Amino acid sequence: MRFLLIFIWLIFLLSCAPTTKEEHVKDWLYYYDLGMSALSAKNYSEAIANFFIATQKAPNEPKVWNSLGIAYMEVSEYEKAESAFRKALEVDKKFTEARLNLGVVYFRKKDYENALREIRTVLADESFPHKHIAFYYLARVYKALDNQNLYLENLRKATAYNPMFFEAQLELANAYEEMGDYRSALDVYRNLLDNGIRTPQIELNMARLLFYVEDYENAKLFIKRLIENKQADANQKTQAYELLSQILVKEQETLIGRKRAPAQKEREEPKAEERAQDRPPKEEPIANRTEPETTKPERKTKHKPIETRKTQDRPPKEEPIANRTEPETIKPERKTENKPVETRKTQDRPPKEESITNRTEPETIKPERKTENKPVETRKTQDRPPKEEPIANRTEPETIKPERKTENKPVEVQRERVFRIQLGAFSSEDRAKAWKERIEKELGINELIIVEQLGIYKVLYGSFKSRAEAEAQVRRLRSYNLYGFIVQD
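Each residue of the sequence shown is one higher than the one before, starting from 14 at the first, in this note's numbering.
Treat the hints loosely; a few may be bogus.
Lysine-lysine pairs mimicking DSS-like chemistry, simulated, CA-CA at most 27 Å apart [stated by the list, open to error]:
#	residue 1	residue 2
1	K76	K122
2	K237	K250
3	K122	K156
Hints in this document: simulated from the structure, not taken from any laboratory. None of these values were measured; they are calculated from a predicted model.
Model the full structure from these sequences, guided by the hints.
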């Protein structure tokens, strides 16, 4: 009986005593969990303390060193963070998350060369599930190096790998806005809205961009949503009201401009007609074609008789006297020009009387010129070439306007896009094809296509005309444990 009691007592003691290995695991996990809860609460001091204890309990656990490095990085202790990440990589060289964080530390220290090296090494690991974060920080490194092309390229890749990556989407939209590419920025925000991400800041940015592209009605709709949104703060609402006032001013200016435009055209048309009748510029090109010979010889005959009379001493001086009496009704211009010539030669009394006649005669000469020019204008209007010039001038702006319309048409087409569901994104076409074939065989899902964009191969499902249809298919795919994002094709 005694031996039986001793045996039972020994079994009880052995069952109650935990193994040292279990004690060790529970010990460092306890401090690790405390550190993670403090880190999520942004209590970095407590997080660092618990992570440090966990590293002492389990120095061969790479995720503990990685978490300690993240906590140090958040308080700008970059040297300690770098040391923690390097210890994690010493424990496990394939722990790619620690390598990415090491590249982020170099980026914050402005050591861009080492940052590029570490991030590129991360992107070479095809099994790493957070490539979108690596592309995002690679883009920020290129931005710091003033390489705008690679900056935008890697931002697009980050959003392609994960369309729900909010930070990368916002930075890409801001980059488009700074470049003045408002249409592309609007597409980025529409992608976020299609995937159910709706924040007051997105609504404010959408309203501002729609204002830039002069889509005032839709801009006012987003401002209304923002004002009614309870999550919007006071600063966002004040910006919305300021933007609304700018929209109303622009709308009034456009209305006033439309009302003034026909009145200005009515005023300008008679003025243009009067100028066309008074000024002789239209006569010059036509005169050069048809009647320059009648006008120019008149000027030559005006000067030639003066020179001949001065140079030639022959007795034909009596001829201009006969000409004074007979052709008064035909060519009065020669009378006015011949009389001052005689006054200069003689300087006698009669020149005063001739000056009087010169004052009275040009009045009769001017209307004669007008009457002579009127039939010339009628002859010019009867000819074909003058009609062709104003018609050409009127048709040129008419050909420009339809060109602008044709340029705006593709913009409207871009808005009516097809919705698809992105099921995966891969850096190689072979991996994308393998994933596509696996889904088709195991789940029997067809209508899968592979689309290449910026070196990334996306596996897309379906073709839907509305976002509601795409959302219904996303819910159906979740029953197969497939999680996708709605994108616009």
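Each hint, compared with the structure:
1. Our distance criterion of 27 Å between C-alpha atoms is met by K76 and K122, whose separation comes to about 23 Å.
2. Using a Cα cut-off of 27 Å, the hinted pair K237 and K250 holds, with the two alpha carbons roughly 10 Å apart.
3. For the proposed pair K122 and K156, the alpha carbon gap of about 15 Å is at most 27 Å, so the pair holds.
Consistency note: the structure conflicts with none of the earlier hints.
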